Amino acid sequence: MNRPEKIRCDACPVMCYIADGKAGACDRYANQGGKIIRCDPLTILDRRIAKGDEVRPFLAADWDGQTASGDDVVVSAIGAGTTYPDYKPAPFIVSREIEGIDCVTVVTEAIFSYCGVKVKIDTDRHLGKEASPVRADGEIIGHIMTSEYGSQMMSLGGVDHLTGGSKAEGRKTCDALLRLCNKEPVELIVDGGSNVVVQAGQPPIVDGTPEDRMRVGCGSATIGMFASQWQGLVDEVVVVDDHITGVVSEHQAGKVIDWPDTGIRILGRRSTPGRYFKVAEPGQGWGGTDIEDPLQILGPWRPEKGAKPGLRLLMVSTTGEHSAYFVLNENLEPEKQPMPPELQPSVDLITENCEPALCTVLFMGGAGGSLRSGVTKNPIQLTQSVTVGQTSVTIGGAPVYRWPGGGITVMVDVSEVPDGAFGYVPTPALVAPLEFTVSRKSYENLGGHKGQVRALDDVLQAGGEYGSDARVIGAAE
Amino acid sequence: MTGPQASLLPGDRLHLHHGPIDLIVGVDGPTRMASYAAATERFAQILPELVEELPALRRARVERTSFVGPVAKRMSRAVRPYQGVFVTPMAAVAGSVADEIIAVIVGSHRPPKAFVNNGGDIAFHLNGRSTFSAMGPSGKMTINTNDPMRGIATSGWRGRSHSRGIADAVTVLAPTAAAADVAATLIANAVDLPDHPAIRRTPASDLSPDSDLGERYVTTDVGALSPNDVARALCRGHKFAKHLLNDGLIFDAILSLQGTVMTATAPIEKTLQGIKANA
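The listed protein sequences correspond, in order, to chains A and B.
According to the numbering used here, the residues represented by the first sequence are 1 to 477, in order.
According to the numbering used here, the residues represented by the second sequence are 1 to 279, in order.
Don't read these hints as lab results, they were simulated from the structure.
Values in this document were obtained by computation on a predicted structure and should not be read as measured data.
A few of these clues could be false.
Derived pair list, reagent style SDA-like, types lysine to any residue, alpha-carbon separation capped at 25 Å [stated by the list, open to error]:
(1) A:K167 - B:V261
(2) A:K278 - A:H126
(3) A:K441 - B:L8
(4) A:K6 - B:L8
(5) A:K22 - B:R200
(6) B:K73 - B:I275
(7) B:K242 - B:L272
(8) A:K6 - B:L207
From the structure, some residues in chain A lie toward chain B, with a derived Cβ separation under 7 Å [stated by the list, open to error]:
(9) K6
(10) C12
(11) G263
Yeah, the Cβ is synthetic: ideal placement off N, Cα and C, and Gly gets one too.
With the rest of the complex left out, here is chain A (with noise of 0.2 Å):
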């Protein structure tokens, strides 16, 4: 084996020889790529993460002086270490001004074993049946959800997957919770359904294909949006889509400003008038449908009902991202022109209504009572001043949804948490950093550990009482 390179660190008398990806003796100084850098155990957001900026660990080479008092610092508990069981105070309680307020952020890794993801899919593709089975590599680590508006849901992890189960489940289901809260990409199977690559962030990938857009609506909807819009430019629009194919003349919305009838026939199951199901199978070409000639999906025209030569019909699909004007000849038959220069920003409109779409990953988790120890000496004080707002709960720095009800169950989107922030157990149970801020007067009434309690700048000079136990080391530049 090829043993790591290792090099003399001069930061302290010990002049430790450190290797490389490790930290020296002080957990404070590590040799990352054959230079010594400064790792405190403490990473420091401001809001420079609000602009997009990439997080700034706190070392000591590039700290720029600045006293880090002040509402615009948020302390995070990312590498803090953990002190797990927690029978010691957690390992940084920080005292900063908040607006005039002596704040306390009490500074932790948690273990989370009652924790899981819920996720949101955005794609009009049918994943699988409700409540169906999800795997990642063999083992069930969650089932589908609900299908919500132009997405699918998923639920992940939870502790039944974690502990309850077989070993192997469990670790499968940790590795996967992981991978997706540190935004990585993570290929899972739906029992009876499809295979979706799924990444925070990133569109999903179902059965190999990349999702490129949300659509703006289903067909029947986007004819609601835009009939005005077309009103004059032309005689007809057929809104292609494998849920609802929408035809103006004949929709509600083209009534209500007395679009004319053109005699047009839609191949498909009428819904409601201007709205019909199934005018192809479900595919890759026109608005979900696996049509790639338009024209396949209409009957001939009648001209009893209005079709005559010279008729402007404008086909479009869903997302904008197929379109095509055809005008009807001698015969009734339309023939393909080109686009009009005054109808091409309607199709363009469509196309900028439809979102990217994505997968989001939102982290869920409860603290449990050794966790509230660390915090306070009593913890249902904690518990109850979290219910009332007057602390606040962060993870990574980003702010969490709290469940309204009993106990401490946050959400978080792992979008806002820095990258790396999240880290696991091998009970199996996931460490996330979580933040309790509150003001200093009513920390100690909470009954919190006022001894622990340290200056923000101190924090940042000296690092953590107890080390770091979790020796999570900070990005460096």
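Since chain A is already given, all that's left is putting chain B on it; use the hints.
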């Protein structure tokens, strides 16, 4: 190179930092600030002294080595009773530093109560009606002036130092922090399941090239264990702890592994001996 740093924390506690050492010092009574000044002055010398003798302190079997520095002397004294197991004075370094600082504080001002917490290895001093309390895996522990222990230390594979065993935490109460430190380290090493497939180990020298453990394997991951395995591992540690209790080296040991806690207490005559020695 960064020198020693001292700062006052909220609650009037002192934080001393130099290289890998972080101490939280608390002193009660009117001599608090004077005690802090004495502690800070002594602290500045600690790391340079240790570094002088570091190569020898990283070696096992140091009975014949005579150390110069007071902390190095405390370290070698703490490991001396352990014949037949691999241990170097480094196993007692954190506790010995805590003991040295507490000795300086007590020697200069005799406050009613003082403690030095060196990353979880704690030396304390009590006088009169003072008590010292600490949270441990089995709950809150309170120590009175009449109790014989003046040191608490915790060791486990999740902790800052490498462990050769699999205990999440072994907490030991002993006459000094140095004695507690080395005992906690060795009991935590003894909580083990050799060759168990769920345990991952790496040579210490791969993780820290100058580790006193050399190429001996240290624990890097422990998978979920069956209740039976947990009990077997804890019993190994418990058996070793019993020897130390019977020899009067320590007074209490609390062993925890994956949610299970086992405790061991010294025979009453050993505790009484300790009390007499303290009086």
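request  = Mind listing which of the numbered hints don't hold for this structure, in increasing order?
outcome  = 4 and 11
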